[in-house]
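Participant: In case you want the letters, here they are:
There are 4 protein chains.
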Amino acid sequence: MKAARLHNYHEDLRIDDVDEPAITGPNDVIVRIGGAGLCRTDLHIRDADWKEVQQGAGVQFPYTLGHENAGWVHEVGSAVTNVEVGDTVILHPLITCGFCRACRAGNDMHCAAGSFPGLVSDGGFAEFLKTGARNVIKLGPGLEPKDVAAHADAGLTAYHAVKKAAKELYPGTFAVVIGAGGLGHIAIQCLQALTPATIIVVDKSEAALKLSEEWGADETVVADGTQIDKVMEITDGQGAEAVIDFVGERGVEKEAPKMLRNAGTYYVIGYGGALDLLTHTMIFTEISVVGNLVGSYNDLAELMTLAAQGKVTLHTATYPLEAVNDAMNDLDNGRLQGRGILIP
Amino acid sequence: MKAARLHNYHEDLRIDDVDEPAITGPNDVIVRIGGAGLCRTDLHIRDADWKEVQQGAGVQFPYTLGHENAGWVHEVGSAVTNVEVGDTVILHPLITCGFCRACRAGNDMHCAAGSFPGLVSDGGFAEFLKTGARNVIKLGPGLEPKDVAAHADAGLTAYHAVKKAAKELYPGTFAVVIGAGGLGHIAIQCLQALTPATIIVVDKSEAALKLSEEWGADETVVADGTQIDKVMEITDGQGAEAVIDFVGERGVEKEAPKMLRNAGTYYVIGYGGALDLLTHTMIFTEISVVGNLVGSYNDLAELMTLAAQGKVTLHTATYPLEAVNDAMNDLDNGRLQGRGILIP
Amino acid sequence: MKAARLHNYHEDLRIDDVDEPAITGPNDVIVRIGGAGLCRTDLHIRDADWKEVQQGAGVQFPYTLGHENAGWVHEVGSAVTNVEVGDTVILHPLITCGFCRACRAGNDMHCAAGSFPGLVSDGGFAEFLKTGARNVIKLGPGLEPKDVAAHADAGLTAYHAVKKAAKELYPGTFAVVIGAGGLGHIAIQCLQALTPATIIVVDKSEAALKLSEEWGADETVVADGTQIDKVMEITDGQGAEAVIDFVGERGVEKEAPKMLRNAGTYYVIGYGGALDLLTHTMIFTEISVVGNLVGSYNDLAELMTLAAQGKVTLHTATYPLEAVNDAMNDLDNGRLQGRGILIP
Amino acid sequence: MKAARLHNYHEDLRIDDVDEPAITGPNDVIVRIGGAGLCRTDLHIRDADWKEVQQGAGVQFPYTLGHENAGWVHEVGSAVTNVEVGDTVILHPLITCGFCRACRAGNDMHCAAGSFPGLVSDGGFAEFLKTGARNVIKLGPGLEPKDVAAHADAGLTAYHAVKKAAKELYPGTFAVVIGAGGLGHIAIQCLQALTPATIIVVDKSEAALKLSEEWGADETVVADGTQIDKVMEITDGQGAEAVIDFVGERGVEKEAPKMLRNAGTYYVIGYGGALDLLTHTMIFTEISVVGNLVGSYNDLAELMTLAAQGKVTLHTATYPLEAVNDAMNDLDNGRLQGRGILIP
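Protein chains in written order, with this note's numbering: chain D, 81 to 424; chain U, 81 to 424; chain Y, 81 to 424; chain E, 81 to 424.
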């Protein structure tokens, strides 16, 4: 089968002809990929930013990227009963054990034995992918793999952060979304579906802000240097209860907490930068800073319900698998509108 | 009456003869001070670290320090019904309005109109102090003002942070307390009373660690450079669910998050330093950093229940009010064992 | 001034000419009534169902009914700073102390010294009403007293119950609203605003069910004896996570828990009947039954935000104060569409 | 092997010689029983109280009772990695799937495909028992199967209810435990370990109350008809925040809610009776009634941590397996002190 593989850091992926994965354990599931989302993390991987993690996990090159996968069940192991061949499925991004405390407590993203295909083993930029029965979610008739694949990581991560924030977002509160891109546009829709908060979207791009209004933004703010002041103005000088940051670098991570009111929470999703907060500020304002790592299987199932109900839709651009490097370059250069989806 | 007042930053306090406070509003309460705790924040105030806040609040020098106060009701305004003259009381450190959302929601430390005597108005290093009826807690017969005064801020702050942490501390979890001093020794007792967690105490002083065991520490770790490794060892290489940091400066704030396990929480109480965390670390480990600002009136009432039940006791050293500068110097130079209490 | 007063149980109210209330305490507020909602509880009071509570509180006849009040500030006591004469306000239905634990913890409906005008003291079926400064919520320019008055109890109670339920209502869950009347139609809108749950409305009246769809019902079920089966069908045979019952009598309270799935919660708001549940059922299904008593001041403030944002609107019918008995009869006989509002 | 089996309702169990269970699936685990707890539910099963459930599940007589099991791993299926032959283990009472939402969300007692050995399939009153890998908890060296077996259901159920209650039990609150027997004596110890609440124990037996004090009761009340008044007295006329009822029949379920304060919660664990609550009472007091069904695997793991730490110990009486009917008669007739444990 075809697979888009990384042979060396800092190189383009190559379309290789490789063996199809085979069932080896009773809980294995082979999925025929219908769509695989392209993520900024794929660029980070190519650029060696995850080298340390990959070496720690013993990753051997070449290997196949792709951690946002959806498709159809192609083959199942002897013990699999939750899906059948032919079912349309989306894949939770981790392969999890089901035995550890985290897996049992709704925190399977912290599975003690979790593995992340596309990062530490072969992923979904290919015709087929092997995963475990615990990690497939059966989709209803209305959902196409290519239309939902990006929910497997981008959507899940946005949803997970919004769900945490939702607990504190009662009527009259403000939620700031920084970055109206691949994850941000899902977060806006999730905030709209889950909370009565006033949604303020901050982005550099006026085009993205215009789209944000369609997705549910109540207020939009151009990130032109005045964004903290503008957020303060909209929030009556108090700041927002929640700031959800999908950038997390290039200084945004230093500005974001300044948009909070006392006792507010800064949700970090984008990465690349460093926090710049005095302990004095932490205590005087009693703010919290909360990291966010993808989400749980149940989170993804909930998000797929919202997708099936039409409450959350993805903005995507498709590429054939062979054009993976074009897609990566488009993403790198800001030419990719919406989430890029590779079709094998 | 006598009052210990600050005339200029960086100077010793002076014992001045000043007018007794008088009832001016229907909800005013005048308290005869029985004991006033000395706090590291008093040193910070003297050393001009709160200059900006004080100027913002229009503080006029000289003014009286002291924000950890307990005593007896001396006089009450016309509308006061919750206490009577002669009642033994401890004072919540803020004067709060009772009308704003925060006051009604159990977050009165974020009162929209809150005022903090001892910082922005005359405090309790004096014979009498004026406060509001909302801010006095009536004590039972077994509690003496001088024995509990330090709960008004030190105890309250420790209790408030522990109460937040307690939600995640089920049997088998680990809570690290960094700093077994004025606040830390209360936190240890509160953790013991409120949670089944294994309590690990980290401090530079072996004497403090020895005392910690009496207060309820299950494990003690000398902060000699190996403390992160030791905590990891005790926690089976995973780290602790909660790290409660009463130092927050001199590099401790950089080490503390390294003692956390994935999805753990770092509670910041001590201050003076700056966080040193990459956004990448925040998301990859999904940790949280939580600021802590004193606590609510209800928190203080709960803590006084623990005190009355003998579950939390304070380690104190008393000084006559006239010796306030000796006490401050002793605190500054590490010669003060336990919390210093001034007796007018 | 005019006031509609109850002189004896089981009698019509009389329109009496009485003295206007006067400021006697520093925190008093006199409100000129712009609209006063008529509640089924007013019928219950007239019919002596609250006799025991009223006798316990020492109520003297004749007295003025009316506990759903909104209007304009007419006069304020010397210590009042949160509202000014002329402000448009809605009144929290209790007069609360602001000192007890409940008032400080966001549970002011359980105020240790709370008083409920219209039940135990003169209410708002009059030109003027005296309340306390703590119990008035200032409204924005877009809201008219007569359009929002019914939120003071009907809306607040519905919102409070929905807010409790919302914690468990993630995407894919089901919430059943039993009774699409004065409270139910607000609950539907609140569920829509606060949760992503699928909303199932059960009522005897097909007309009410038709209106429910406009308010946000996803599914409607006629209470014709098949309603439990229908709810089971809609919920894939599992039952709903939440059943919110605005009837609570005439057998509805016996059927309602049968619509729950395992671990679901039955919210009781309507009253008149008795629970019919075996302890064996409670443990085998692990369901919960949750009582609901109006709501807090902050709840009402949140609801007024939803009203100002246009997310919750009331269905009302106005009557002049003099027609109070007509209104009560209409309510009693099912002729009242929407909530009846008396205009003095 | 020997097994104590029920051949017909209302008959004594018989000691039969049956085949040892065999591994048939990759996740099967065969446990050599070291101790099996006897539960009042075993009497209920014998007396046909679970006939409907058993028929629904297609139970074929004769079958082996016993749902509180601990022992040593005897044999494992091909895919089992979490335990090894020889490990000491306690068994979660359900066999759960690990795939459904409940299993992933920490509510595996509501597993969509859960099975309960001892009720609907062969249980642990035998030399060997077959379970699944997901349902065994490995024990540390200090714990013996016969000493902890009763935690598998009695302990778990008590712990699960206490853990729910603990969220509302801050310093100064009261928790009433009704019934200081097999479950109650564990609940008292769990309350002591997890909460700062004042623990009030109500029981008919003065001997049981005396023992309760050793387990951690702060106050004891003889159930002689004055128990509601006594609880009211101890709680300053307000009632308790939590009433945890291990009886749930013979009128206790009618008295229990009367011991609650406003907004308190009644936890139902014992069963046999029927709730006797007006919907009016539910709303006027805003109390909750919460059913409790065993607990989750993680709950049991937490409880085993408390057991290993010596914070919870069981009061037991052992019988050889052959004496199972003596044990059942002793339990039925109140002659059994502590939890009865059968040793094969």
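Where hints are given, some of them may not hold.
No copy is singled out in the list; a pair is fine if it fits within one copy or between any two copies.
Stated by the list, open to error - For lysine to aspartate or glutamate, the following EDC-like pairs were computed, each having C-alpha atoms within a straight-line distance of at most 20 angstroms:
#	residue 1	residue 2
1	LYS247	GLU207
2	LYS218	ASP316
3	LYS338	GLU132
4	LYS391	ASP298
5	LYS284	GLU207
6	LYS243	ASP316
7	LYS284	ASP127
8	LYS82	ASP356
9	LYS334	GLU294
10	LYS391	ASP412
Please keep in mind that the hints were generated in silico from the structure rather than gathered at the bench.
Participant: Hint by hint, note whether the structure agrees.
Facilitator: Status of the hints after comparison with the structure:
1. Within a single copy, LYS247 and GLU207 get their C-alpha atoms no closer than 40 angstroms, and across copies no closer than 41 angstroms, so neither meets the 20 angstroms cut-off.
2. For the homomeric pair LYS218 and ASP316, the shortest alpha-carbon distance between copies (16 angstroms) is at most 20 angstroms, but the shortest distance inside one copy (45 angstroms) is not.
3. Taking the shortest alpha-carbon separations for LYS338 and GLU132, only the inter-copy value of 18 angstroms comes in at or below 20 angstroms, while the best intra-copy value is 32 angstroms.
4. Both within a single protomer and between protomers do LYS391 and ASP298 lie at most 20 angstroms apart by alpha-carbon distance, with minima of 16 angstroms and 14 angstroms respectively.
5. For the homomeric pair LYS284 and GLU207, neither the shortest alpha-carbon distance inside one copy (37 angstroms) nor that between copies (55 angstroms) is at most 20 angstroms.
6. For the homomeric pair LYS243 and ASP316, neither the shortest alpha-carbon distance inside one copy (25 angstroms) nor that between copies (25 angstroms) is at most 20 angstroms.
7. In this homomeric assembly, LYS284 and ASP127 never come within 20 angstroms of each other (Cα to Cα): the closest approach is 25 angstroms inside a single copy and 42 angstroms across copies.
8. Taking CA atoms no more than 20 angstroms apart as the test, LYS82 paired with ASP356 passes in neither setting, with 45 angstroms inside one copy and 44 angstroms between copies.
9. Proximity of LYS334 and GLU294 under a CA criterion of 20 angstroms is satisfied in neither setting, with 28 angstroms inside one chain copy and 42 angstroms between copies.
10. Taking identical chains as interchangeable, the C-alpha atoms of LYS391 and ASP412 are never at most 20 angstroms apart, the minima being 29 angstroms within one chain and 41 angstroms between chains.
When held up to the earlier numbered hints, the structure conflicts with 1, 5, 6, 7, 8, 9, 10 and fits the remainder.
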